[in-house]
Structure formats: structure tokens, C-alpha cells
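*Asks:* The primary structure of each chain is shown beneath.
Protein chains: 2
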Amino acid sequence: MNMIIEAWILTIGNEIINGVITDTNRETISRELRSVGISIKGMSSVGDDIPAMIEEIDRAMRMSRVVVVSGGLGPTEDDKTSEAVAKLLGVELTLNELQFERIKDRFLQWGRPMAESNRKQALLPVGSEPIPNDHGTAPGFMIHRNGSIAMFYPGVPRELSRMLKEQGIPRIFRTFGQPKSIFRSQTVMVYGLSESRLAEILQDVAIDEPGFHLAFLPRFPVIRLRLDVSGDDVRAVEDVLSQKLSIILNRIGENVIAVDGQGIEQVTVGILRERNLTLALAESITGGMIGEMVTRVPGSSQCFMGSIVSYSNDMKTSLLKVSEQTLQARGAVSHECAREMAIGARSAGFADIGLSVTGIAGPDGGTPQKPVGTFYVGLATPDDVLSRGFLLPGPRDWVKTLAATQALDTLRRWLSGIRLHGTEL
Amino acid sequence: MNMIIEAWILTIGNEIINGVITDTNRETISRELRSVGISIKGMSSVGDDIPAMIEEIDRAMRMSRVVVVSGGLGPTEDDKTSEAVAKLLGVELTLNELQFERIKDRFLQWGRPMAESNRKQALLPVGSEPIPNDHGTAPGFMIHRNGSIAMFYPGVPRELSRMLKEQGIPRIFRTFGQPKSIFRSQTVMVYGLSESRLAEILQDVAIDEPGFHLAFLPRFPVIRLRLDVSGDDVRAVEDVLSQKLSIILNRIGENVIAVDGQGIEQVTVGILRERNLTLALAESITGGMIGEMVTRVPGSSQCFMGSIVSYSNDMKTSLLKVSEQTLQARGAVSHECAREMAIGARSAGFADIGLSVTGIAGPDGGTPQKPVGTFYVGLATPDDVLSRGFLLPGPRDWVKTLAATQALDTLRRWLSGIRLHGTEL
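Going down the list, the sequences are from chains W and F. Letter 310 of the first sequence, counting from 1, is numbered 309 in numbering that gives the first Met the number 0, and no numbers are missing. Letter 52 of the second sequence, counting from 1, is numbered 51 in numbering that gives the first Met the number 0, and no numbers are missing.
Some hints here could point you the wrong way.
Stated by the list, open to error - In silico DMTMM-like cross-links for lysine to aspartate or glutamate, where the CA-CA straight-line distance does not exceed 25 Å:
id, chain 1, residue 1, chain 2, residue 2
1, W, K40, F, E54
2, F, K40, W, D57
3, F, K40, W, D77
4, F, K103, W, E423
5, F, K243, F, E253
Calculated from the structure, these hints are not laboratory results.
Use the sequences and the hints to build the structure in full.
*Replies:* Encoded structure:
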């Protein structure tokens, strides 16, 4: 049997539809189901409102053979999911003695008294099948209706994801059989091309084929390309993935940061460590962001000496030895200053490579000659010193993030022997 | 007229239903609508699949008078929302010349060539009303059907939220009138108390009353408390809000960072600028994160001199003048080193105040005496030098974030004349 099982995900709670919390249970459920070959038809959320729940559960069960619901099983007045399900099925709620014992046991184990309200959590719709909760108090339950199943789980993320994996997915397979579908995916990180330019370059590759999908996922300022391949045969699936991947890498070339979802900081630290090179930074416009990014990578202390965040001109001259003359004649935001900062970083940090950034993040500080977004990156290596200038768009946080990424990408390109593009400024 | 307007929110994209991205547009739309008194009936998401979109748009428009849709208006093959709407209405797509001109203008303004694929973004269903996009390329549009409206927006969060506020909400009011219900909310930022401790302290205040709701919204490592008050009468609503707020502020006291949703970096920069004080940093464990946080605040260059990110011991001795003896006898992660780093930062940065952090972020580098998470903050002021030690929990990124927040909170408390708690280490 190799049929496709489609699922609908429903999350319940006023705090969800009112935008008070970011509901991540939907993504958790989606990923768990997809990892075993179940595809997702859609998702929805309603508040703690019985008529809305009844309508939504009913509809979801008509549309998909599997419905996974989370939320509304807690002990409080707000939690009305079991009641809604009982109304939908036209049955009563009844105390499930076994599940009630489990709840009592759990409180004993915690050494805490059980509140009377927790008894409510063992009230299940007549005819439903309990789904035991080994990680919290509220049991889940499953119902059958017109050839579909719906499973109800507590909204506590940790309990939900374990119950779904340990109890829910086996129940789906017992009911509908296990899908034979194989699923592989790969993420390519791209920096230096706009989304629309990328879409043009990959126009023919991006067309959906049965079992293949290419998604464009911008995560500012990087674009992630996600290749999803599915099918019956492991070999065929992996062949399609490697074929498509090689076309894409060929087309995008040097703008590819990584093929395994790594960020620019991981890639850069990786090359530095591999080549046994050390790095020191001189940051102005980024305020420390490049150092923060680099030190996200475990083991970065092997190659990262430090950063001199010289926001004031005094620190530029005293610590980085930028000349007074450069500051006066060219200004702190200039090719010359970026180069002197890079040299200063290399020397003050006792490092092989010095990387610097200077610019105007805004909202104030721009002039007609040097508007907000004016930005220079400097690179000092054992043999050479260079600088590049750009005009970065957007508000302050964008400009900072773009500046940090542009600097690390300049270093990545230099380390990889890629010719650096001419500067804009 | 004081009728309730109910809205349904629909987000579109395979990456959403497949759990590849966390969809925060739903919450953004919900909050924008609720802030003007529109209530939310529910939310759903479907993939880039025309039949699924048609079904979901049709259903949402039957259930709610206002439907807000985001996603699927980009330039790529995946973006099929306009096509789905045209099919639903039984009309063609046609090029909207005015919107096409606006897209071309935007590329001119950016100084970048427009890709052919961007033309697609100006193809709108015949009979729909364009919603101009002043913040990006894709225009939105609005349709009417059986007494309901549906509005379609691009999925780019920044464009979506501005377009909804500036263009969408006025269109809803023009169609259905403005709801009279008054809605006020306030956000209190708390640092230094656990969520369960906070829940205990506020147990009686947290009980829902008609028109009042208190939400606990942890945003690591800060907890946001959101007070929502609604009702018919402005005066009564504002009275309830200020009453509840003053009870909460009284109970939490010095652990309140701000009452207007400001972060610790905004509050700290605000006090420094008010008092005309300058700050320099010496960062080790945080890698530049504190400088990055401080420079998020526009105008921070008025008080922030810079940061010496001394990851290597060489930089600690050469730039911060930490003594060799301290490093050998006490180590780089110690009260003594933190104090010398703070003094060094103050002096190297020519600043009134020096703030330093040193610690072990992990996953490697811990010892039985100084496990991962060991962390010291130092503060050097014109009159005094002090240090505090903590053991911070969690993985590398948590430890860094906690260290940065703890350092800024130490400074905030000192600047506000709050007695600093004894150190843990």
C-alpha cells in the first residue's frame, strides 16, 4: 500500500487567535508528521469557543483523513475541547478511571497535592480512545468519524511532541498503514542575489515536478533555497536531489554560502580553523554584531582574537592607530579609514587577518555626500590591504545586519579565492 | 453603530504548512486588527496550491465579514494567490498599469534592474481594488463577495504590517464602519524573576475579569506582561488599565525594566543620555553582543564610546591592561579579571563608566571549579569598582544572551540607585 496520507492541523486557544503568543505547535506537528511521510493539507486555529471548535473539527475531518488537534485539555474553565468533541459526536463526557489514576499518580510522584480541577482532565467523550500522557497530566484521545480520525493533544509543547511521536504516529499507521514515501531535503544558503534575480536564474529548475519542490525562503539578508524530494525509491529520490542540487550550485556559483543550511559565520569560522588562520575585527557601524555572530560558533575561540568596537573617533586613533589626518581629510566613514582600521585590528589583535567596518546606520548622521547606509569594509591580510564601499538600504537594524553580513561575506570570498566585485562607492 | 466586526486570517505558503518557517504574520495581523477593536474568529493556512486556496478563501469569506490574507504575491512560480482569487471569482488577471509603474519606479529608486518576473506582481484579478505598497514591490488588492471583503497582502512582514495599518484598516472602516469598542493595552517588561514566581506574586491580579486580561509572555530572558483592557467607555477602560498597572508595578518593584515595552538596552541608553554619562565595554563571553544591543538604539553614539571584545588573553593584557598576575593566579574568568577589564574599558574608551563581562559560554572550556555558565560582570565608575558572579544555565546562545542582559541590568540598577544583590559566585 502506498497511498498518500494527508493531515490537517488544528490548534485551539484564545491566546493563539488573539496574537498573544506565537503558536509553534503547528510547526512541531507539521514537522513530526512530514518526517514519517504524511503530507499536510493545511492548518487552522480557533479560540476557546465551543461552536467554533465543533465547526472546525467537523470540517477538518471531512477534508483530511488525519486531524491533529492541540490545546484546550488543561484543567481550567477555558479548556473546552473535550466538551466540544462530545457535542460534535452527540455523546456525554465520562470519567476515565484509568486515566484519572494516572493523573493522581503523577501528582503523588511530584509530591504535590492534586487540585480538584485536574479531575476534569480525565473526562473523555464516550467512545473515544484515550492517548496516555507519560510527560504531564492531561491525557489525549482519539475519535473515528466517517473514515477519518482526529487526535486531541494537550497544548504543552514538550508533552505534545513526545505524545505525537510515541503514541500518535503509531496509531495513524495502525489505522491507515505506513506510507512508503521517502523524503529527502537540502538547504542552500545564498547571499548576494535578490530573490527575484534568483527566481530568474532558477526559473526552469523551480518548476514543480511530481515529488520535487524548490522553495525560496528569504531570511534577511540571506535567501535559503530548500529542495524537497519525495518518492517510493530511496535511490531515485537521492538521484533527483543530487541532480537538482548540482544544477542549482552551478547556476548560482560563488553566491552560495553553504549547502547544508550553515550561516555565513559558521562557514567563515570553518575555513579559518581549517586553514589555521586567526581573525581580529574593528567594528564601528555594527557595534559588535560581527563579533557576536562569529562567537555564536562553538570553537570560534580557536581563531577569533577579538574585536575593537570603536564607536568614538578617540578609540579609532588610540587603539586602532587610525591617523588624525585620515579622520580629518576623509572622515571616519571612508575607504581610507576602513583600511587603517583593518590594519589596526590585525595589529592590536595579534591576528593573521584584520577585518573592519565603518558606516552610517541612521536614522541620523547622514549628509548629502555620505547618506545613511554609506558603508565601507576593510580587509588587511599578511600581504595586502583592500577596501570596498556600498550603499546599504533600509532602516538602522537592516543596515547593521547587511554591513555585518557583507563584511563576513567579503572575508569568505577572499578566503575562498573568489575575485571580489568592484565596490559601489 | 457599535457592531462587532469579526475577521478571519489566512496565511499562504508551502513553507508555512510544512513547518519550515515559523509564521508570525498571523500574530501580527491579529494584533493590528484587535488594536482597533476588530475581533478574530479564527486563522488558517494552506500551501501554494490553487484548489486549496480557493476553498479556504471561499470558506473564510462565508464565515467572516473581513478576511485578511498574506503570502503568495511574490514574483516566483510559487506565488499563486492572485491566480487563485481570479479563479474563485471567475475573472481574468489583468495588468494594472498604475501598480506596474509603481514597481518600476521602486527599482529605479533602488538603482537596480527590474526582473521580468516582477511584472507578474502587477497582474491583479479584474474588478479587484489595488492596495498600494509603499514599502516594497508587490501591491495588495481587495475583493468584495456576498457582503464580505477579503484583502490580500504580500507575506513580507514589514510590508504587510505597514500596509495593513495604513491602507487596510481604513478600508475596513470605510466598508463596515468603525467599531465603538475601546481597546487599550500596556506591556510591562520584567527581568530577574522566574515566570512561576511572577505568576505567584500576581495570582489575584491575573484572574480574568470582563474586559480585562493579563498575559504572561516570556521572551527570553525577559518576561513581558501584557495588560489588555476593553469596553465601551474610554474613561472606564483607562481607569481599569491604570489601576491594574499600578498594582502590578508595586508588586514587582525594581525588577520592572520598563512599562512601555522598551528593552533593557533602550532603558539603559535612555538613562545614560539623560544623565550625560558615557559608557565603554570590555566583552569576552558575549563576543560583542552588548555593544550590538546598545547600538540598536538610535542616538546611542551620544553615550556609547565603544567595546573592546577581548576574546584572547593577549588583547586583555595589551588593550585592557589586565595584569598577567591576575590571569595566572585567578584566570580570565574571575571577579578580579572582570574588575580589571571594567577599569581597562573605562580608561581605553575615555568613558565615565566601564562595564565588563567574562565567562564560559560552552560547550567546551568548563572545568569542575569553573563549569560552563560561570560568569562575572564588572562595573567601574568614577568612584568605585565592583563585580558580581553568576552561574548561568543553558546552551551557548542562552548563556551569551543571559550574560549580556545581566550586565546591562547591573548597569541599569546601578544607574537607578537600586542596591545590587549579592553575587552567586
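*Asks:* All the hints need checking, so say for each whether the structure fits it.
*Replies:* Structure-based check of each hint:
1. K40(W) <-> E54(F): 12 Å, holds
2. K40(F) <-> D57(W): 16 Å, holds
3. K40(F) <-> D77(W): OK: K40(F) and D77(W) at ~16 Å, within 25 Å.
4. K103(F) <-> E423(W): The given pair, whose Cα atoms are some 22 Å apart, holds under the 25 Å limit.
5. K243(F) <-> E253(F): 17 Å, holds
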